Amino acid sequence: MNGFEWVVPVILTVITAATPLVFAGIGELVTEKAGVLNLGIEGMMLAGAVTAFVTATLTGNYILAVAAGALAGMFMAFLFGVLTLSLMANQVATGLALTLFGIGISALIGQDFVGEPVKALEKLNIAGLTDLPVIGPILFGQDALVYLSFFVVFAVSWFLFKTKAGLILRAVGDSHDAAHSIGYSVIGIRYLAVLFGGAMSGIGGAYLSLAYTPMWAENMTAGRGWIALALIVFATWKPGLVLVGAYMFGGITILQLHAQAAGLDLPSQVLSMLPYIATIVVLVIISKDESRIRKHAPACIGKIFHPAA
Amino acid sequence: MVYITPILALTLTILTGMLLFSFLGVDPVEALRNFFIVPINNQYGATELLVKATPLILCAIGLSVGFRANVWNIGAEGQLTVGAIFGGALFVYFPETESVFMLPAMILLGAIGGALWAAIPAFLKTRFNANEILTSLMLVYVATLLLSLLVHGPFRDPDGYNFPESKIFTDSATMPILLEGTRLHFGSIIALLAVLTTWIMLAKTLIGFQVKVIGTAPKAGAYAGFSQKKIIWFSLLFGGAMAGLAGISEVSGPVGQLLPSISPGYGFTAIIVAFLGRLHPVGIIFAGLLMALTYLGGETAQINLGMPVAVTGVFQGMVLFYLLACDVFVNYRFQLNRFGKAA
Numbered sequence: 055m056n057g058f059e060w061v062v063p064v065i066l067t068v069i070t071a072a073t074p075l076v077f078a079g080i081g082e083l084v085t086e087k088a089g090v091l092n093l094g095i096e097g098m099m100l101a102g103a104v105t106a107f108v109t110a111t112l113t114g115n116y117i118l119a120v121a122a123g124a125l126a127g128m129f130m131a132f133l134f135g136v137l138t139l140s141l142m143a144n145q146v147a148t149g150l151a152l153t154l155f156g157i158g159i160s161a162l163i164g165q166d167f168v169g170e171p172v173k174a175l176e177k178l179n180i181a182g183l184t185d186l187p188v189i190g191p192i193l194f195g196q197d198a199l200v201y202l203s204f205f206v207v208f209a210v211s212w213f214l215f216k217t218k219a220g221l222i223l224r225a226v227g228d229s230h231d232a233a234h235s236i237g238y239s240v241i242g243i244r245y246l247a248v249l250f251g252g253a254m255s256g257i258g259g260a261y262l263s264l265a266y267t268p269m270w271a272e273n274m275t276a277g278r279g280w281i282a283l284a285l286i287v288f289a290t291w292k293p294g295l296v297l298v299g300a301y302m303f304g305g306i307t308i309l310q311l312h313a314q315a316a317g318l319d320l321p322s323q324v325l326s327m328l329p330y331i332a333t334i335v336v337l338v339i340i341s342k343d344e345s346r347i348r349k350h351a352p353a354c355i356g357k358i359f360h361p362a363a
Numbered sequence: 005m006v007y008i009t010p011i012l013a014l015t016l017t018i019l020t021g022m023l024l025f026s027f028l029g030v031d032p033v034e035a036l037r038n039f040f041i042v043p044i045n046n047q048y049g050a051t052e053l054l055v056k057a058t059p060l061i062l063c064a065i066g067l068s069v070g071f072r073a074n075v076w077n078i079g080a081e082g083q084l085t086v087g088a089i090f091g092g093a094l095f096v097y098f099p100e101t102e103s104v105f106m107l108p109a110m111i112l113l114g115a116i117g118g119a120l121w122a123a124i125p126a127f128l129k130t131r132f133n134a135n136e137i138l139t140s141l142m143l144v145y146v147a148t149l150l151l152s153l154l155v156h157g158p159f160r161d162p163d164g165y166n167f168p169e170s171k172i173f174t175d176s177a178t179m180p181i182l183l184e185g186t187r188l189h190f191g192s193i194i195a196l197l198a199v200l201t202t203w204i205m206l207a208k209t210l211i212g213f214q215v216k217v218i219g220t221a222p223k224a225g226a227y228a229g230f231s232q233k234k235i236i237w238f239s240l241l242f243g244g245a246m247a248g249l250a251g252i253s254e255v256s257g258p259v260g261q262l263l264p265s266i267s268p269g270y271g272f273t274a275i276i277v278a279f280l281g282r283l284h285p286v287g288i289i290f291a292g293l294l295m296a297l298t299y300l301g302g303e304t305a306q307i308n309l310g311m312p313v314a315v316t317g318v319f320q321g322m323v324l325f326y327l328l329a330c331d332v333f334v335n336y337r338f339q340l341n342r343f344g345k346a347a
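These protein sequences, in sequence, are chains A and B.
For the first sequence, the numbering used here gives the first residue as 55, with consecutive numbering after it.
For the second sequence, the numbering used here gives the first residue as 5, with consecutive numbering after it.
Only chain A is shown next, with the shape it has when bound in the complex:
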């Protein structure tokens, strides 16, 4: 090829870097649409990552491993739900607690597994199709979770904006008092939304420890849970834009890795800062327009629902 043979491998790595963000972002989007702000994504992703990794090492069954990751994320989300929905604790503080707890508990569970290798998640291989130049490996050579991530984005988009249940969920997020007064169970619906968010974060974490870097390391999410939170603001709570944003951030992450490998004349630390600085820049650009945020953000986000009040 003519000097562009690096394009396909780069795109492939961008996909693996973006997929965990797609999962975590789309899960949190549903949670936030129901009016709940869960800042504990980082903790749920770590729980998912370590559980999936341990399950994969012990059983060798990757379907079971991903399911275990999702369950671990849901368990963490359930704790968050009990505190914020049933016991009406402050959502910001509880989210922080979830992250700190997740860092600790995942380090404890994973301590005997640090540095152990595991086979990376298997990639699709369809004779003929996958071998096509350029589009073959990109379209037909991914692992199952990449396809699932796209499916989930479209499914969530359809659910939120084309189904009655989705309308109810958005109503709960925009005006919990109104939804309550016409007989919907605000708390019940929010529990479901929080659990969905947990499952998605868990799968996002599982993707990190099974596919992106097939290993377990303490605190391996390195802030991705927080980047996912920023993504939702960037996407102004639209599922399709979460996908776009995740690939943008995935792109920046990979770009700096390749720049480091190519020996760009910049210290590696400066390049490693890029994804975090980009997050801040994007957040600033989007948040600048206060009315736009107010128009798109669920009106009841972060507010405690108390039916008697």
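Hints were generated in silico from the structure; no laboratory data involved.
There could be a bad hint or two in this list.
Straight-line distance between alpha carbons at most 27 Å, and here's what the computed DSS-like set of lysine-lysine pairs gives [to be verified]: (1) A:Lys342 x B:Lys233; (2) A:Lys357 x B:Lys208; (3) B:Lys223 x A:Lys216; (4) B:Lys223 x A:Lys349; (5) A:Lys357 x B:Lys171; (6) A:Lys342 x B:Lys223; (7) A:Lys218 x A:Lys357; (8) B:Lys216 x A:Lys177.
Note that the structure is a prediction, hence the values are computed from the model and not measured.
With the hints as your guide, set chain B onto chain A.
What follows is chain B alone, placed relative to chain A:
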């Protein structure tokens, strides 16, 4: 009730901890003894507790002002790091100086560095409405990488065999030891002064009153003409300065030089300290000592019982969880309704 829930939360944490210990195959009573009593049953241990509590209390006291005003600065770890960089830089560039003003200047620079780092989220929040939780947290990663960059490059000790470390701080750049034979240093006095200052500030000054009003009743604050932006700036700068002090007191104290990693997450644990201390200066002292004990206890349990050091983090997270859960008793009154069901 406000002051009972931390004790309730602790009791629940300890009970859950005992379950966790038995699950890990360790005698729970022996584990608790190693966690909470062995580390501090001699003078050296007790002073180590103060050494560990110092950065926690400093960071937490700064955060507590912000949390009271609903300003969610969670980037104390980054502000701590930049404080250490600013203060430490003075020594790196003037290693020969033996002036008595060296250490005070480093402490001042530490506070300035932390405040400057916190000024970024303050500016982005007040000017561009950017969420301070996310920006302050992103800046933690940037600060850690910045420190790594500096100690791998310009700050590296030229005679240090290429290790990513600065020169070891000389006496004039080091916190005086308060008790011979221990590591207890002047930073603990700074922390105590910070607590006192904050207490007076919150209880007796107009700005302290504004912080409390904006936090509890923003609309009343606006009606009274208090500027929300001013409070955002104030609480972030104050929190940053305190975290910066923690940073310089660590590198000029127990650490003794600039290294790629200077804190085991004090800035994050300080969030727990602030809440556990009920955002009150005196409470924060107790909570800081307690969280410091979990660090020491984790180390002791690791050495004596071979328990994983990660248990510390689990304990810390659990305390905050239980505390937030128990707060339902503070915020609401439980009563049984006609159907005998809690409402």
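Hint check results:
Restraint check for Lys342 (chain A) and Lys233 (chain B): satisfied, since their Cα atoms lie roughly 15 Å apart, inside the 27 Å limit. A hinted pair counts as satisfied when its Cα atoms are at most 27 Å apart, and Lys357 (chain A) with Lys208 (chain B) does not qualify at roughly 31 Å. Of the supplied pair hints, the one linking Lys223 (chain B) and Lys216 (chain A) is violated, its CA atoms being roughly 38 Å apart against a limit of 27 Å. Restraint check: the Cα-Cα separation between Lys223 (chain B) and Lys349 (chain A) comes to about 21 Å, which is no more than 27 Å; the hinted pair holds.
Pair hint Lys357 (chain A) plus Lys171 (chain B) does not hold up; C-alpha atoms about 51 Å apart against a cutoff of 27 Å. Under the criterion of a C-alpha separation no larger than 27 Å, the hint pairing Lys342 (chain A) with Lys223 (chain B) is consistent with the structure, at around 23 Å. In summary, the hint linking Lys218 (chain A) to Lys357 (chain A) is supported, as the alpha carbons are separated by about 23 Å, within the 27 Å threshold. Between Lys216 (chain B) and Lys177 (chain A) the CA atoms are separated by roughly 56 Å; this puts the pair beyond 27 Å, and the hint is violated.
Checked against the numbered hints given earlier, this structure breaks hints 2, 3, 5 and 8; the rest are met.
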